[in-house]
Amino acid sequence: MDVVVFAKYVPTPEGTPELGPDHLLVRDGGDGALDPGDTYGLELGLRLVEAHGGEVTVVSMGPAGAIAAVQRALAMGAHRGVLVTDPALRGADALATARVLAACLRRRPADLVLAGIESTDGYTGTVPVTVAELLGIPSVTAVRAVEVVDGALRVERQTEEGADEVACPLPALLTVTAGATEPRFPSLKGIMGAKQKPVETLALADLGIDVEDVRPTQRVVAVADAPPPAGGEIVDAEVGIARIADLLVEAKVL
Amino acid sequence: MLRAARPIGPLDRPGARLRRELVQVLGQRKLFQKPIPGLMHALIFWGFVVLLPTIAEAAVAIVDPRARLPLLGDAPWFALAVDLFATGVVVGVAIALWIRKVQRPDRFRGSHLREADLILAWILGIVGTLLAWNATRIALGLAPHESSMPVSGALARLAGSAAEVPAAERALVWSHLLLVLGFLAYLPGSKHLHIITAAPNVLLSKTRPSGALQPLRIDLDAPEDEIRFGAGVATDLSRSQILDLFTCTECGRCQEVCPAWATGKPLSPKLLIMDLRDHVAAQAPAIGGGGDAGTVELQPLVPAAVEDEVVWDCVTCGACVQECPVDIEHVDTIVDLRRYLVMAESRFPPEAAPMLRGIEGPSENPWGQPAAERTAWAEGLEVRVLAPGDPPPEWLYWVGCAGAFDERARATTRSVARLLTASGVDWAILGPRERCTGDPARRLGHEFLFQNLAERNVETLGQAGVTKVVASCAHCFNTLANEYPDYGARLEVVHHTELLARLIAEGRLRPSRGAVGAVTYHDACYLGRHNGRYEAPREVLGTVATRTAEMPRSRERSFCCGAGGARMWMEEGGTARINDTRLAEAAATGADVVAVACPYCLVMLDDAARARGSGAPRVADVAVLLEEATRPA
Numbered sequence: 000m001d002v003v004v005f006a007k008y009v010p011t012p013e014g015t016p017e018l019g020p021d022h023l024l025v026r027d028g029g030d031g032a033l034d035p036g037d038t039y040g041l042e043l044g045l046r047l048v049e050a051h052g053g054e055v056t057v058v059s060m061g062p063a064g065a066i067a068a069v070q071r072a073l074a075m076g077a078h079r080g081v082l083v084t085d086p087a088l089r090g091a092d093a094l095a096t097a098r099v100l101a102a103c104l105r106r107r108p109a110d111l112v113l114a115g116i117e118s119t120d121g122y123t124g125t126v127p128v129t130v131a132e133l134l135g136i137p138s139v140t141a142v143r144a145v146e147v148v149d150g151a152l153r154v155e156r157q158t159e160e161g162a163d164e165v166a167c168p169l170p171a172l173l174t175v176t177a178g179a180t181e182p183r184f185p186s187l188k189g190i191m192g193a194k195q196k197p198v199e200t201l202a203l204a205d206l207g208i209d210v211e212d213v214r215p216t217q218r219v220v221a222v223a224d225a226p227p228p229a230g231g232e233i234v235d236a237e238v239g240i241a242r243i244a245d246l247l248v249e250a251k252v253l
Numbered sequence: 000m001l002r003a004a005r006p007i008g009p010l011d012r013p014g015a016r017l018r019r020e021l022v023q024v025l026g027q028r029k030l031f032q033k034p035i036p037g038l039m040h041a042l043i044f045w046g047f048v049v050l051l052p053t054i055a056e057a058a059v060a061i062v063d064p065r066a067r068l069p070l071l072g073d074a075p076w077f078a079l080a081v082d083l084f085a086t087g088v089v090v091g092v093a094i095a096l097w098i099r100k101v102q103r104p105d106r107f108r109g110s111h112l113r114e115a116d117l118i119l120a121w122i123l124g125i126v127g128t129l130l131a132w133n134a135t136r137i138a139l140g141l142a143p144h145e146s147s148m149p150v151s152g153a154l155a156r157l158a159g160s161a162a163e164v165p166a167a168e169r170a171l172v173w174s175h176l177l178l179v180l181g182f183l184a185y186l187p188g189s190k191h192l193h194i195i196t197a198a199p200n201v202l203l204s205k206t207r208p209s210g211a212l213q214p215l216r217i218d219l220d221a222p223e224d225e226i227r228f229g230a231g232v233a234t235d236l237s238r239s240q241i242l243d244l245f246t247c248t249e250c251g252r253c254q255e256v257c258p259a260w261a262t263g264k265p266l267s268p269k270l271l272i273m274d275l276r277d278h279v280a281a282q283a284p285a286i287g288g289g290g291d292a293g294t295v296e297l298q299p300l301v302p303a304a305v306e307d308e309v310v311w312d313c314v315t316c317g318a319c320v321q322e323c324p325v326d327i328e329h330v331d332t333i334v335d336l337r338r339y340l341v342m343a344e345s346r347f348p349p350e351a352a353p354m355l356r357g358i359e360g361p362s363e364n365p366w367g368q369p370a371a372e373r374t375a376w377a378e379g380l381e382v383r384v385l386a387p388g389d390p391p392p393e394w395l396y397w398v399g400c401a402g403a404f405d406e407r408a409r410a411t412t413r414s415v416a417r418l419l420t421a422s423g424v425d426w427a428i429l430g431p432r433e434r435c436t437g438d439p440a441r442r443l444g445h446e447f448l449f450q451n452l453a454e455r456n457v458e459t460l461g462q463a464g465v466t467k468v469v470a471s472c473a474h475c476f477n478t479l480a481n482e483y484p485d486y487g488a489r490l491e492v493v494h495h496t497e498l499l500a501r502l503i504a505e506g507r508l509r510p511s512r513g514a515v516g517a518v519t520y521h522d523a524c525y526l527g528r529h530n531g532r533y534e535a536p537r538e539v540l541g542t543v544a545t546r547t548a549e550m551p552r553s554r555e556r557s558f559c560c561g562a563g564g565a566r567m568w569m570e571e572g573g574t575a576r577i578n579d580t581r582l583a584e585a586a587a588t589g590a591d592v593v594a595v596a597c598p599y600c601l602v603m604l605d606d607a608a609r610a611r612g613s614g615a616p617r618v619a620d621v622a623v624l625l626e627e628a629t630r631p632a
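As they're listed, the protein sequences go chains X and H. Residue 0 is where the first sequence starts when you use numbering that gives the first Met the number 0, and the numbers rise one by one after that. Residue 0 is where the second sequence starts when you use numbering that gives the first Met the number 0, and the numbers rise one by one after that.
Derived from the structure by calculation, the hints contain no laboratory data. Glycine included, every Cβ here is placed at the ideal spot set by N, Cα and C. Please note: incorrect hints may appear among the correct ones.
To be verified - Simulated crosslink set (SDA-like; lysine to any residue; CA at most 25 Å straight-line): (1) X:Lys-188 <-> H:Ile-217; (2) X:Lys-188 <-> H:Ala-352; (3) X:Lys-188 <-> H:Lys-33; (4) X:Lys-196 <-> H:Ala-221; (5) X:Lys-188 <-> H:Glu-344; (6) X:Lys-188 <-> H:Arg-356; (7) X:Lys-188 <-> H:Gln-298; (8) X:Lys-188 <-> H:Pro-349; (9) X:Lys-194 <-> H:Ala-221; (10) H:Lys-33 <-> H:Ala-198; (11) X:Lys-188 <-> H:Ala-221; (12) X:Lys-194 <-> X:Glu-54; (13) H:Lys-467 <-> H:Ala-517; (14) X:Lys-188 <-> H:Ala-303; (15) X:Lys-196 <-> H:Glu-359; (16) X:Lys-196 <-> H:Asp-220; (17) H:Lys-467 <-> H:Glu-534; (18) H:Lys-467 <-> H:Asp-485; (19) X:Lys-194 <-> H:Arg-455; (20) X:Lys-196 <-> H:Glu-344; (21) X:Lys-196 <-> H:Ala-343; (22) H:Lys-190 <-> H:Ala-285; (23) X:Lys-188 <-> H:Ser-237; (24) H:Lys-29 <-> H:Thr-86; (25) H:Lys-29 <-> H:Glu-555.
Stated by the list, open to error - Here are the in silico distance ranges between beta carbons for each label pair: (26) H:Gly-589 <-> X:Gly-239: 26 to 36 Å; (27) X:Val-234 <-> H:Arg-554: 38 to 48 Å; (28) X:Gly-192 <-> H:Ala-517: 56 to 66 Å; (29) H:Arg-455 <-> X:Val-25: 20 to 30 Å; (30) X:Ala-162 <-> H:Glu-381: 53 to 63 Å; (31) X:Gly-231 <-> H:Arg-383: 28 to 38 Å.
Said to hold, decoys possible - Anything over 10 Å on all C-beta distances counts as not near chain X; from chain H, calculated: (32) Arg-2; (33) Ala-55; (34) Leu-139; (35) Trp-173; (36) Leu-178; (37) Glu-223; (38) Pro-265; (39) Thr-420; (40) Asp-425.
Use the sequences and the hints to build the structure in full.
So, in C-alpha cells, the structure goes:
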C-alpha cells in the first residue's frame, strides 16, 4: 500500500510570527518546523506500511526552508519526499494549495492519502477535502483509527457524540485527529538516514500548473491583534469540585 | 570476551585509584557499610590473604612432611597468624551460614543460593583441613612452633592419640591441597570469581564524580559505522563493563536499596548484572576468541538479556553503586543500554516523547514552554536579566526549567531570589537565554540532544563572562558542575542551599529559630549521594526549625523521590509508587515539614502528600522555609 502524507512547514508556535507589509507571514529567518498536527497522520501511515508493505511519501508545499519539515518526516521513517516550491506560490490560499497537492498525486498516484485535520498556522481545515474532491476520491475526516480489511478501509471517525464506523474503498483521503497515534520521536539513525533518502524539489512548471490557476482569490486587507483572553477563574481547592461542577453546568457541558 | 569488548582509555589519577584499592579491597570499607556481613567477609578475606603462603607449604609437604616455607616457615608470628586467621575464617563462615540460614535477608532473592552454600562448605573444608593438618603436625612433632599455634594445639590435645597417626597427617595434607586445587578449578565458572576480578574491577571503576556520565561525543558527519550509540550488543560494552558483570557475587546489597525493586518493579540491579553476565557468557562463542566481532550476528542486549521495562525503571539514584562492595557501575551501564534504544531505535516509553520534543524544539525545555516565559516567575520582583554584552554578575542564578515553569518550583525560585537580594548578593539570571541543561535527555539516553545543549549552554555562559553559578535544581547542579567541564566549562557551581548557608554564616541573613516547626530533610540523590552535599541544607534547617529529625534512610543512603533518570517524565509501574514510599518514611519521623532541595523531589513528594490527604506533612524547599523564617528582616 503506497501512502502519501501531507506535511506543512509552519512557524513554531512558541515564536512570535512577523507579518510583512502585505500582511503575509515573513518566512525568512523565522523558526519553522513540521506541523505537529501532521505527525499523527504520518505515524498512522508508517504503521500501515509497516503492517501491509509499501512506502510513505511525504508531500509538502512551501518556501525553500520547508525542506526541514520534509527532512523531519523522513527522519521519522517516511521513505521519500516531495517539496513543491515556487515564488509564484507565495501567499497561496487553500484552493491553490489543494490544486498543487492534487497535481502531485496525479503525477504519482497513491492508495491512501493522509493529512492533519487543519494546519496549526492557517487553520482553514479545507485543503485535504478539496484535494479529494479535485481527485474524485472519497474522503473521511476526523479519523482516529483505521483498519485495512479486504483491500478496503474500515475507519473510526470521531464525532461529537462518540465515533462513527465508516467503510471506505481505496484510494481514499483521510484527515487524522491529534492523539489518534503517538508520533514516534526520530532516532539518531533515522535523522542520519534521512539525508540519504530521495527528495524531489518541484516547481509549478514541473507539475504542469499555470501560474494563473494558483493566483490567490482572496487578499488580506487588515490584521488586528486578538483581544487578550478574559482572566479565567482560579478555583480554591477547598470548594473546588462543587464550583467546577457549577461552571461545567454553566458552560452547558454537563 | 574482554578482547572483543570496547577498549577503555588510559587510566587517570593513579594515586586515587591506588588509595581506593587499599581502602576498599584491603580495608573492605564498602563491605562494612553493613557491619555484620562486613565482619563476616573481612574475616574470610583477610584470612585467605594471610593463609595464601600456606598453600605453597602444603604443596611441598606432599613430598616432604618436614618442609617449611623460607623465611615465614621459621617465624613464630606467622604460625600464630595462620592459626588465628584460619580460625577467623571458620568464624566468618559460621556468620555467613547464620545470615543465610537463619536471617535469610531478601537481598539474596534471585541469587544462586546452592552455589553459595557449596562455596561456603568448600571454604570450611579448606580451612578445616588446614587446622586439622596442623594439629596432626603438632602431635607428630612436625610443627616447629607448637606454642604459637593455640587453636591447632587445642585440636591436637582434643584428638589425643588419633592425631598421632602419620597416615592421618598424610590424608589431611592431601585433602587440603586437593580442596584448594579443586576450588581454583571451580572458580572461573562460578560467582566466586570475584576473588580474582574484584581488585582489578575496583581499579578500573571511574574516578569521575558518580553523577558524571561518560560523554559519547557524537559527530553526525562521521561515517555511520564509526558512530557509537551506546550498548546494543555484547561487544558494545566496554571492558570495564564486562569485568563488572563477572565480578558480581550476587550479594544483593544493590537490590536491597533499589527504589525500583522496593516498589515491586522488575528492575533489580543485581538481576540486571546477572542477566547481562549470563547473556555475555552465552554469546562468547559467537563473539569468538579473536576479537573479530564483525563477522557474527550478535543478539540485542535488550530484550535478549534484559527486558525493556527493566531498562526504563531506573531512577539513576546511584544507591546500588554506592552499596556495591566491588564497585560495579550499574547506572552507567543502564544509561548505555538506554542510549542505544533511544538513539538507534527510538524505543522508549512513549510518554517521554513530549519531554524530548520540548528539549529539542525551539523552546528548549522539557515543558515545551516559550523561552520568553522563563522570567514569568519574577513578576513583581526586581531581577536583573543578563542581556548579551552586560557586565557579568558575581553570581549567575541558574533557575532551571522546573524553577521557571513549574508552579510549585517557582515558589522556591522566588524565595531564593528574595533571599539573594535581601543579603545584598550581586546576582542575575540568563532569562530567555537559559536552556535545559540536557539532564533529562541524557538520562533518558539521548546523548546527542544533551551534547547539543551542553555545547550551546557552555557557549552562552562563556559569552556572558560568568564564573560563579548558583543552581536550584539538583540535576542542573550536577550537570553544570560535573558534566559541563567535559564541554569546556570552567565554573564554580554551588547549590542554593550552600550559598544560603554561607550567607547565614556570614551574618547576611538572620533567620529566627523555631519559625517552621519540626523538619525532616530529604536528600536529593544528585545533591547528596552523587555530590556529597549533605551539610549545607541541614545547617540552614538547623537555624529555622524547632526540631530536626532524620529519616532512617538519609545522606549517602537516602531513598530517591522517584523522579531521577528522566523518570519524572514516565509513567510508573510496579506495586507501589516510590514517592509514596518515601513520603511515608518522612511522615513516620513525626515532622511537620519535609524539606527538599530539588524541584523534582518537591513535585514528587508534594504529589505524594496530596494523595495522602489531610495530616500529611507539608513539603517545601529549604529556601522557602528559610525565607519564612527570615521575614520580616
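Hints versus structure:
1. X:Lys-188 <-> H:Ile-217: 12 Å, holds
2. X:Lys-188 <-> H:Ala-352: The hint holds at about 17 Å.
3. X:Lys-188 <-> H:Lys-33: 45 Å, violated
4. X:Lys-196 <-> H:Ala-221: Holds: Lys-196 (chain X) and Ala-221 (chain H) sit about 18 Å apart, inside 25 Å.
5. X:Lys-188 <-> H:Glu-344: Holds: Lys-188 (chain X) and Glu-344 (chain H) sit about 7 Å apart, inside 25 Å.
6. X:Lys-188 <-> H:Arg-356: Measuring from Cα to Cα gives roughly 17 Å; hence the hint holds.
7. X:Lys-188 <-> H:Gln-298: 19 Å, holds
8. X:Lys-188 <-> H:Pro-349: 18 Å, holds
9. X:Lys-194 <-> H:Ala-221: Judged against 25 Å, a Cα distance of about 13 Å means the pair holds.
10. H:Lys-33 <-> H:Ala-198: Judged against 25 Å, a Cα distance of about 20 Å means the pair holds.
11. X:Lys-188 <-> H:Ala-221: Holds - the C-alpha atoms of Ala-221 (chain H) and Lys-188 (chain X) are around 12 Å apart, at most 25 Å.
12. X:Lys-194 <-> X:Glu-54: Distance of about 17 Å is within 25 Å: holds.
13. H:Lys-467 <-> H:Ala-517: 33 Å, violated
14. X:Lys-188 <-> H:Ala-303: 21 Å, holds
15. X:Lys-196 <-> H:Glu-359: At roughly 22 Å apart (the allowed maximum being 25 Å), Glu-359 (chain H) and Lys-196 (chain X) satisfy the hint.
16. X:Lys-196 <-> H:Asp-220: 16 Å, holds
17. H:Lys-467 <-> H:Glu-534: 20 Å, holds
18. H:Lys-467 <-> H:Asp-485: Given that 25 Å is the threshold and the Cα spacing comes to 17 Å, the pair holds.
19. X:Lys-194 <-> H:Arg-455: Holds, because 24 Å separates the two Cα atoms, which is no more than 25 Å.
20. X:Lys-196 <-> H:Glu-344: 18 Å, holds
21. X:Lys-196 <-> H:Ala-343: OK: Lys-196 (chain X) and Ala-343 (chain H) at ~17 Å, within 25 Å.
22. H:Lys-190 <-> H:Ala-285: 22 Å, holds
23. X:Lys-188 <-> H:Ser-237: 22 Å, holds
24. H:Lys-29 <-> H:Thr-86: 24 Å, holds
25. H:Lys-29 <-> H:Glu-555: 12 Å, holds
26. H:Gly-589 <-> X:Gly-239: 26 to 36 Å: 30 Å, holds
27. X:Val-234 <-> H:Arg-554: 38 to 48 Å: For Arg-554 (chain H) against Val-234 (chain X), whose Cβ atoms are near 41 Å apart, the range 38 to 48 Å holds.
28. X:Gly-192 <-> H:Ala-517: 56 to 66 Å: With a Cβ separation near 58 Å, Gly-192 (chain X) and Ala-517 (chain H) satisfy 56 to 66 Å, so the hint holds.
29. H:Arg-455 <-> X:Val-25: 20 to 30 Å: 25 Å, holds
30. X:Ala-162 <-> H:Glu-381: 53 to 63 Å: 54 Å, holds
31. X:Gly-231 <-> H:Arg-383: 28 to 38 Å: Holds - the Cβ-Cβ distance for Gly-231 (chain X) and Arg-383 (chain H), about 31 Å, lies within 28 to 38 Å.
32. Arg-2: 27 Å, holds
33. Ala-55: 56 Å, holds
34. Leu-139: About 74 Å separates Leu-139 (chain H) from the closest Cβ of chain X, which puts it past 10 Å; holds.
35. Trp-173: Nearest chain X Cβ is 61 Å from Trp-173 (chain H), so the label holds.
36. Leu-178: Its Cβ never comes within 10 Å of chain X, the nearest being 54 Å, so this holds.
37. Glu-223: 6 Å, violated
38. Pro-265: 23 Å, holds
39. Thr-420: The claim holds: Thr-420 (chain H) sits with its nearest Cβ about 27 Å from chain X, beyond 10 Å.
40. Asp-425: For Asp-425 (chain H), whose nearest Cβ neighbour in chain X is about 32 Å away, the distance exceeds 10 Å, so it holds.
Checked against the numbered hints above, the structure violates hints 3, 13, 37; every other hint is satisfied.
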